[in-house]
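Build the full structure now, drawing on both the sequences and the hints.
Here the protein sequences come in this chain order: A and B. In the numbering used here, each number is its position in the first sequence, counted from 1, plus 5. In the numbering used here, each number is its position in the second sequence, counted from 1, plus 5.
Watch out, some of these pointers could steer you wrong.
One copy or any two copies: either way a pair holds, since identical chains are not told apart in the list.
What the hints assert, rightly or not - Derived DSSO-like pairs: lysine-lysine, alpha-carbon spacing no greater than 27 Å straight-line:
| id | residue 1 | residue 2 |
| --- | --- | --- |
| 1 | Lys123 | Lys113 |
| 2 | Lys113 | Lys142 |
| 3 | Lys115 | Lys142 |
| 4 | Lys203 | Lys191 |
| 5 | Lys134 | Lys290 |
| 6 | Lys282 | Lys53 |
| 7 | Lys91 | Lys162 |
| 8 | Lys191 | Lys134 |
| 9 | Lys316 | Lys286 |
| 10 | Lys53 | Lys316 |
| 11 | Lys162 | Lys181 |
In short, the hints are calculated from the structure, not lab data. All figures in this text were calculated on a predicted structure; none of them were measured in a lab.
Protein chains: 2
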Amino acid sequence: MTDLKIILFGTSGAVPTSTRNLISNAIIRDNELFIFDTGEAIQQSMMKNKVGMNRPTHIFISHMHGDHILGLLGLVQTMSLLLRDKPLFIYGPPGISRFLKSNINIFKIKLNFKLIIKEITPGLAVKTKDYKIYAKKANHSILNYSYVFIESNRPGKFYVSKAKKMGIPEGSLWSKLQNGKSIRYKGKLIRPTDVMGKIRPGRKIGISGDTRPSKSLTRFFSSCDVLIHESTFSSEENDLAIERFHSTSEEAATIAKESSSNILILTHFSSRYKDTKPLEKQACKIHRNSIAGYDSMSFKVPYRDEKRLTKSYVLEQTSR
Amino acid sequence: MTDLKIILFGTSGAVPTSTRNLISNAIIRDNELFIFDTGEAIQQSMMKNKVGMNRPTHIFISHMHGDHILGLLGLVQTMSLLLRDKPLFIYGPPGISRFLKSNINIFKIKLNFKLIIKEITPGLAVKTKDYKIYAKKANHSILNYSYVFIESNRPGKFYVSKAKKMGIPEGSLWSKLQNGKSIRYKGKLIRPTDVMGKIRPGRKIGISGDTRPSKSLTRFFSSCDVLIHESTFSSEENDLAIERFHSTSEEAATIAKESSSNILILTHFSSRYKDTKPLEKQACKIHRNSIAGYDSMSFKVPYRDEKRLTKSYVLEQTSR
Numbered sequence: 006m007t008d009l010k011i012i013l014f015g016t017s018g019a020v021p022t023s024t025r026n027l028i029s030n031a032i033i034r035d036n037e038l039f040i041f042d043t044g045e046a047i048q049q050s051m052m053k054n055k056v057g058m059n060r061p062t063h064i065f066i067s068h069m070h071g072d073h074i075l076g077l078l079g080l081v082q083t084m085s086l087l088l089r090d091k092p093l094f095i096y097g098p099p100g101i102s103r104f105l106k107s108n109i110n111i112f113k114i115k116l117n118f119k120l121i122i123k124e125i126t127p128g129l130a131v132k133t134k135d136y137k138i139y140a141k142k143a144n145h146s147i148l149n150y151s152y153v154f155i156e157s158n159r160p161g162k163f164y165v166s167k168a169k170k171m172g173i174p175e176g177s178l179w180s181k182l183q184n185g186k187s188i189r190y191k192g193k194l195i196r197p198t199d200v201m202g203k204i205r206p207g208r209k210i211g212i213s214g215d216t217r218p219s220k221s222l223t224r225f226f227s228s229c230d231v232l233i234h235e236s237t238f239s240s241e242e243n244d245l246a247i248e249r250f251h252s253t254s255e256e257a258a259t260i261a262k263e264s265s266s267n268i269l270i271l272t273h274f275s276s277r278y279k280d281t282k283p284l285e286k287q288a289c290k291i292h293r294n295s296i297a298g299y300d301s302m303s304f305k306v307p308y309r310d311e312k313r314l315t316k317s318y319v320l321e322q323t324s325r
Numbered sequence: 006m007t008d009l010k011i012i013l014f015g016t017s018g019a020v021p022t023s024t025r026n027l028i029s030n031a032i033i034r035d036n037e038l039f040i041f042d043t044g045e046a047i048q049q050s051m052m053k054n055k056v057g058m059n060r061p062t063h064i065f066i067s068h069m070h071g072d073h074i075l076g077l078l079g080l081v082q083t084m085s086l087l088l089r090d091k092p093l094f095i096y097g098p099p100g101i102s103r104f105l106k107s108n109i110n111i112f113k114i115k116l117n118f119k120l121i122i123k124e125i126t127p128g129l130a131v132k133t134k135d136y137k138i139y140a141k142k143a144n145h146s147i148l149n150y151s152y153v154f155i156e157s158n159r160p161g162k163f164y165v166s167k168a169k170k171m172g173i174p175e176g177s178l179w180s181k182l183q184n185g186k187s188i189r190y191k192g193k194l195i196r197p198t199d200v201m202g203k204i205r206p207g208r209k210i211g212i213s214g215d216t217r218p219s220k221s222l223t224r225f226f227s228s229c230d231v232l233i234h235e236s237t238f239s240s241e242e243n244d245l246a247i248e249r250f251h252s253t254s255e256e257a258a259t260i261a262k263e264s265s266s267n268i269l270i271l272t273h274f275s276s277r278y279k280d281t282k283p284l285e286k287q288a289c290k291i292h293r294n295s296i297a298g299y300d301s302m303s304f305k306v307p308y309r310d311e312k313r314l315t316k317s318y319v320l321e322q323t324s325r
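The following block contains the structure:
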């Protein structure tokens, strides 16, 4: 059982407001931190949410617009001042390396930790035995990557009673079966499926960055447990959304619905919306499980086979 | 009668805290905005304080450390997104121009307004008929400018009764006297001082940036109405203050006292201090009118000849 938590560090697009920091989303899985975009003041939001500055951390940048990146320098500087010693991985489109290196040089920031910057192309960005993270070109005014975080499937439950009934002795043979390997016992072939339940799916989280909706993104976000999608504008501002390569609340909800995603979190709101509830309402008409995100909103995502992730379960955890 | 207001946009040094933004101070005189350092999230603090993004604005940077500057890019970008049309003046040490230009280039920020960047040397930085702003080298690990804002003196009060008693007819002759020129009337020389009160002093505000205390800074801050001085450490951390080229609360208070400044505002606190009241207490033992600054603290500074600026007058205006 590995905890997976989502935290919204900032939910504003382009310009912050007095109550919303610029865009930044995070996943914490086990002790590892995955940050998607680093809007200004992310470091303060991390402090408020007691995330800490020395976790194993991967940062993914969607695109080279200031509102999505400008908190990165302060974050790197603060990590260094607070004596981070773990390497920091930063992934993003071309330009991210020049931005970091030139500013670290201008401010003569002395890093105590290794900074690994990877300018990535679409496709697999990170892979471990526990998860994979993929980038996909979205549809914005400049190159923007949407990301998905896909947790590896877990093997099915091991039924001790079944194994015992078949007379298989506890020990190395059980381990082999648990690790997905068939065994031969007393001349008989025994497959993992003979003593184990169905493979249990890992969790999938999608993060849109800035984008117009598209069919290929819908496929990319297929069956997300949680889809964090930009909703810069309300449906009334459809023309603006098209002009500025953004999505409306209805468009985000349509992507969530058509991708068979479960919970939709709307974010990256234009500063014109003091109240984002009307955008949530618009989205809910299309995709019932839609929630307007807000700064420091955080909730755990359960495994699908253990608990159903419902809107009310999210809201229970995040009572404002 | 011209209003002059001080606002602290951020009061943290090096690293922000969950309640303190990074360092930034402002003076608003009439409609003009003067910002001293631009720590991360200054734009949000400006929004909270309803300062607006399109005032005539001069920004003064003390030194090229990230905690004093990193909010500048977001501020410039937001001003542009919100369609600022007035020129923006930025003054600072060498390096500030490269920082701004290279990042504006990286993010392809399209400016709607004229950006005038001046890398200054110590001495007079700005002069108008209403005020002068001077920079002085402080004593930090890298080149740091302290600044003083000095308002021009106002002429003394014009005593109508005296002018009438001397038989001088209302009109151009009165104007000449009011503008400080002597006149000849019915063969007699009449000096402005014959019909006017004493020259009324303008207000003076000092802002230290990051520095160790010094005799030359004490002279520079001579007779400030308000001195905003860094107090990174409490007196117990004197060794750290020396090692890192900062001041303690007692040192800030000693500068305030020896410069015959009136109100001392302590700021740029190390993130180790959750409560800054103990630092205020230490300062008050040396300079009674000392106040620990906090984010969004703001107060008006009256003319010396109209109202005495006392600590209680400041606190009345700034009830937390």
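Now for the hints, and whether the structure bears them out:
For the identical chains of this complex, Lys123 and Lys113 are neighbours both inside a copy (21 Å) and across copies (21 Å), given an alpha-carbon limit of 27 Å. Taking CA atoms no more than 27 Å apart as the test, Lys113 paired with Lys142 passes between copies only; the shortest distance there is 20 Å, against 34 Å inside one copy. Taking the closest pair of Cα atoms, Lys115 and Lys142 come within 27 Å of each other only across two copies (24 Å); inside a single copy the shortest separation is 34 Å, beyond that limit. When the C-alpha separation of Lys203 and Lys191 is checked against a cutoff of 27 Å, the pair qualifies only within one copy, where the shortest distance is 25 Å, while the shortest distance between copies is 113 Å.
When the C-alpha separation of Lys134 and Lys290 is checked against a cutoff of 27 Å, the pair qualifies neither within a copy, at 39 Å, nor between copies, at 61 Å. In this homomeric assembly, Lys282 and Lys53 come within 27 Å of each other (Cα to Cα) both inside a single copy, at 24 Å, and across copies, at 22 Å. Taking the shortest alpha-carbon separations for Lys91 and Lys162, neither the intra-copy value of 35 Å nor the inter-copy value of 67 Å comes in at or below 27 Å. Taking CA atoms no more than 27 Å apart as the test, Lys191 paired with Lys134 passes in neither setting, with 33 Å inside one copy and 102 Å between copies.
For the homomeric pair Lys316 and Lys286, the shortest alpha-carbon distance inside one copy (13 Å) is at most 27 Å, but the shortest distance between copies (50 Å) is not. In the homo-oligomer, the alpha carbons of Lys53 and Lys316 lie at most 27 Å apart inside one protomer (24 Å), although the nearest pairing across protomers, at 32 Å, exceeds that limit. In this assembly of identical chains, the alpha carbons of Lys162 and Lys181 lie at most 27 Å apart only when taken from the same copy (14 Å versus 98 Å across copies).
The structure shown violates the earlier hints numbered 5, 7 and 8.
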